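Enquirer: Residue strings, one per chain:
There are 2 protein chains.
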Amino acid sequence: MKNCISIGLLGLGTVGSGVVKIVEAHQDRLAHQIGCSVEVKKVLVKNLEKERAITIHKDLLTTDATEILDDADVDVVVEVMGGIEDARRYILHALRNKKHVVTANKDLMALYGTELLRVANENKCDLFYEASVAGGIPIIRSLVDGLAADRVTKLMGIVNGTTNFILTKMSNEGRPYEDVLKEAQELGFAESDPTSDVEGLDAARKMTILSKLGFSMDVELEDVQVRGISSVSAEDIDYARYFGYTMKLIGYAKRSENRIEVSVGPTLISHSHPLASVSNEFNAVYVYGEAVGETMFYGPGAGSLPTATAIVSDLVAVMKNMRLGVNGTSAVLPQYPKELKDDHEIHFKSFFRFTVQDQLGSFAKITSLFTECDISFEKIIQVPLKHQGLAEIILVTHQASSAAFKKVIRDLEASDVVDEVRSYYRIAGEE
Amino acid sequence: MKNCISIGLLGLGTVGSGVVKIVEAHQDRLAHQIGCSVEVKKVLVKNLEKERAITIHKDLLTTDATEILDDADVDVVVEVMGGIEDARRYILHALRNKKHVVTANKDLMALYGTELLRVANENKCDLFYEASVAGGIPIIRSLVDGLAADRVTKLMGIVNGTTNFILTKMSNEGRPYEDVLKEAQELGFAESDPTSDVEGLDAARKMTILSKLGFSMDVELEDVQVRGISSVSAEDIDYARYFGYTMKLIGYAKRSENRIEVSVGPTLISHSHPLASVSNEFNAVYVYGEAVGETMFYGPGAGSLPTATAIVSDLVAVMKNMRLGVNGTSAVLPQYPKELKDDHEIHFKSFFRFTVQDQLGSFAKITSLFTECDISFEKIIQVPLKHQGLAEIILVTHQASSAAFKKVIRDLEASDVVDEVRSYYRIAGEE
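Protein sequences appear in the order of chains A and B.
Using the UniProt record's numbering, the first residue of the first sequence is number 1, and each one after it goes up by one.
Using the UniProt record's numbering, the first residue of the second sequence is number 1, and each one after it goes up by one.
A hint or two may mislead.
The list treats identical chains as one, so a pair stands whether inside a single copy or across any two.
Straight-line Cα separation of at most 30 Å, DSBU-like style, residue types lysine-lysine; simulated pairs [said to hold, decoys possible]:
1. K46 to K21
2. K365 to K379
3. K46 to K182
4. K379 to K341
5. K21 to K320
6. K365 to K338
7. K124 to K341
8. K341 to K58
9. K320 to K98
10. K320 to K124
11. K124 to K379
12. K98 to K124
13. K338 to K407
14. K41 to K98
15. K41 to K379
16. K41 to K320
17. K406 to K124
18. K58 to K41
19. K46 to K58
Since the hints were made in silico from the structure, they are not lab data.
None of the values given here were measured: they were computed from a predicted structure.
Starting from the given sequences, assemble the full structure and let the hints guide the process.
Expert: Put into structure tokens, the structure is as follows:
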């Protein structure tokens, strides 16, 4: 058994620097926990001369990945460089050289997670990725541990800080989307190109990772039905609040028997649901397990310190496994064949807002459109918009199938009494 | 290294039976995780003939604890018998015989935790107790793991399901305390003698355990300032809601520099605080760490399945440590001297409700009483109670010291314009 475990680091940005700092500052505690010492042996960087936020010996830096990946002394590779193609190539290379890997790379794990985990298993190596989803929340570990003695039936997550920040501001201040997005960009909570966040792609990647693990099926990114928040209006949020709901971008994954659904979209949840209070840039994941029931994990979704802390936790787990000689057993590969529900099997309540001609018979016509689709109403209000000769109808339905909702939207749009279907949202957390 | 790890179980109630069931059902997975097999070798029961919910071989049962505690083959003792004196004696006996211990015993850990952990360390044994606080929430492990790379500054917990159930019902249905308590007893959510729950003692025991761990100081039960919920009225809850607050029994522990405060009491928290949505019998613990920031763990506080699941997680950790040869290092003994804040160092906002003589000058007199104690108002309403010649004043203060609040209550009670101080609550979560 080795007396010292060597780490090779790919990348030395804020997260990588945080990892170096924590490993150095907690040497004693790490040695205490795992029974041997730990050193950072080599760090891959793009530029040897760049000024760093941390003090690190020049000899530790390299621009040649093979100095880490082919070094027989390196036991664990920590990938914090980001990007997809190079990161994937390096990780595969490391695993084939029997090195354990810890990564914070969500995009990579969403796209190539199953392949990477399979190669890890083939090489009896660990591949840990706690930091890839909601850095400050130990959700991956909780799902893996939970799986040992429970079965997950539902996952609901607020897993994108940018959109949660925007929706919180819109809700609290009644301001329009564009305005709040601009502020979020100025504050650094949104990228200058915010597409991946606001269109739900980032959340979809995280839900791919979580649902794959939770259901033990090979869920892929294209299995996730995705809708972003860019069309959400301050009026929608106001009417939703009137009916008792908060607007959130929710990642939703549910198993019924052995068939699953995974989606990401702007969703209404009851004010009293624990997810409704998750505000600003915070993240939370709600897990329903057969034995344990409902649990929720809440915390910061990003940030260099929480992310680096998650990576060090993974490192400790890898190193404990090394000393136990049980590496390569914790990478849980999908155990069940993936079966996706179709639109007739997915049921939920919905919120609708649309305008109709303010004339006799309009309301009756609308009612019959919904009835024909087997959708009934739970709550409804009608507001005259006198000067336009229109009325606005806002309603909440009872449960119906996704197929029924799609049909009624088509029917509404085709109807001559309907002026405009302004918005339509899924309601979750009451099923 | 042994090929099989043997467990001795003290107690075979619902939790103990759950442990046996999970260990049997998950043999393969446990072997996979720890690299060797696991067996339940002996179970201490009171009555050998009693009908059991599970099928278990008669030969495994014993009424003699020494058959477990003195059996050199037993590696780990799981204590799920409850009570204090016998449990303490057996656990000390087990530790001195170099057996690792997993316990679900909150009362024991609150009273004798430091002693037991010290003896565990002296004997290089593990003593794990995840199931003792909020069975369905991995909070002990999160605090221990978190401590490796972070420093806890504040803990807020809803750690008693009975009182949370009662307060939730009172809030939602506007019903009085006695009425809801009776229903809770009928539903099995409250004991026939509910004192330990409703007077805050159960929550205080859990906060003793959590704050000892979080602050790494030897916090004792008598350090916790405790107040129960039996005097909370439906009117208090209504007025609090009007001001934007939800009433919860909150365990509150805070460190400022190296001095700490720990309390349990009915507390108002903002509707938007994540703890405000923790309803019914659910528990949650909010943790503030210097590096990670705010995290919250939410889940069922009790129940035989969640508790048994937590015990099995602890068992896996013990068994991994056995194979690593690092037992006895994870029991974190208090590292810092305990320093308790005095009343002048504890600051918070408060809610007051009291009646005054409805006459000229009353309000000015009240204002000057508060001003003299250096307490200023944030919000105030006055409601005339005409037929009694009284007015009710309900107010929320700015931050002031606990000493100031104690003084102003004495002054109010002594004042001739005050009829009755009806209620007084701490406000938390905004500091």
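Enquirer: Look at each hint and say if it fits the structure.
Expert: Checked hints:
Only within a single protomer do K46 and K21 lie at most 30 Å apart by alpha-carbon distance; the minimum there is 20 Å, versus 54 Å between protomers. Taking identical chains as interchangeable, the C-alpha atoms of K365 and K379 lie at most 30 Å apart only when both belong to the same chain, with a minimum of 17 Å there against 50 Å between chains. Taking the shortest Cα distances, K46 and K182 never come within 30 Å of each other, neither inside one copy (32 Å) nor across copies (68 Å). For the identical chains of this complex, K379 and K341 are intra-copy neighbours only, at 28 Å inside a copy versus 53 Å across copies, given an alpha-carbon limit of 30 Å.
Taking the closest pair of Cα atoms, K21 and K320 come within 30 Å of each other both inside a single copy (20 Å) and across two copies (28 Å). Proximity of K365 and K338 under a CA criterion of 30 Å is satisfied in neither setting, with 41 Å inside one chain copy and 72 Å between copies. For the identical chains of this complex, K124 and K341 are neighbours neither inside a copy (34 Å) nor across copies (52 Å), given an alpha-carbon limit of 30 Å. Proximity of K341 and K58 under a CA criterion of 30 Å is satisfied in neither setting, with 55 Å inside one chain copy and 47 Å between copies.
When the C-alpha separation of K320 and K98 is checked against a cutoff of 30 Å, the pair qualifies both within a copy, at 16 Å, and between copies, at 22 Å. In the homo-oligomer, the alpha carbons of K320 and K124 lie at most 30 Å apart both inside one protomer (15 Å) and across protomers (18 Å), since each shortest distance falls under that limit. In this assembly of identical chains, K124 and K379 lie within 30 Å of each other by CA distance neither inside one copy nor across copies; the values are 56 Å within and 63 Å between. In this homomeric assembly, K98 and K124 come within 30 Å of each other (Cα to Cα) only inside a single copy, at 7 Å, whereas the closest approach across copies is 33 Å.
In this assembly of identical chains, the alpha carbons of K338 and K407 lie at most 30 Å apart only when taken from the same copy (27 Å versus 66 Å across copies). Proximity of K41 to K98 under the C-alpha cut-off of 30 Å is restricted to the intra-copy arrangement: shortest distance 17 Å within a copy versus 38 Å between copies. In the homo-oligomer, the alpha carbons of K41 and K379 never lie at most 30 Å apart, since the shortest distance is 63 Å inside one protomer and 59 Å across protomers. In this assembly of identical chains, the alpha carbons of K41 and K320 lie at most 30 Å apart whether taken from the same copy (19 Å) or from different copies (27 Å).
When the C-alpha separation of K406 and K124 is checked against a cutoff of 30 Å, the pair qualifies neither within a copy, at 47 Å, nor between copies, at 63 Å. When the C-alpha separation of K58 and K41 is checked against a cutoff of 30 Å, the pair qualifies only within one copy, where the shortest distance is 12 Å, while the shortest distance between copies is 57 Å. In this assembly of identical chains, K46 and K58 lie within 30 Å of each other by CA distance solely inside one copy; the values are 13 Å within and 67 Å between copies.
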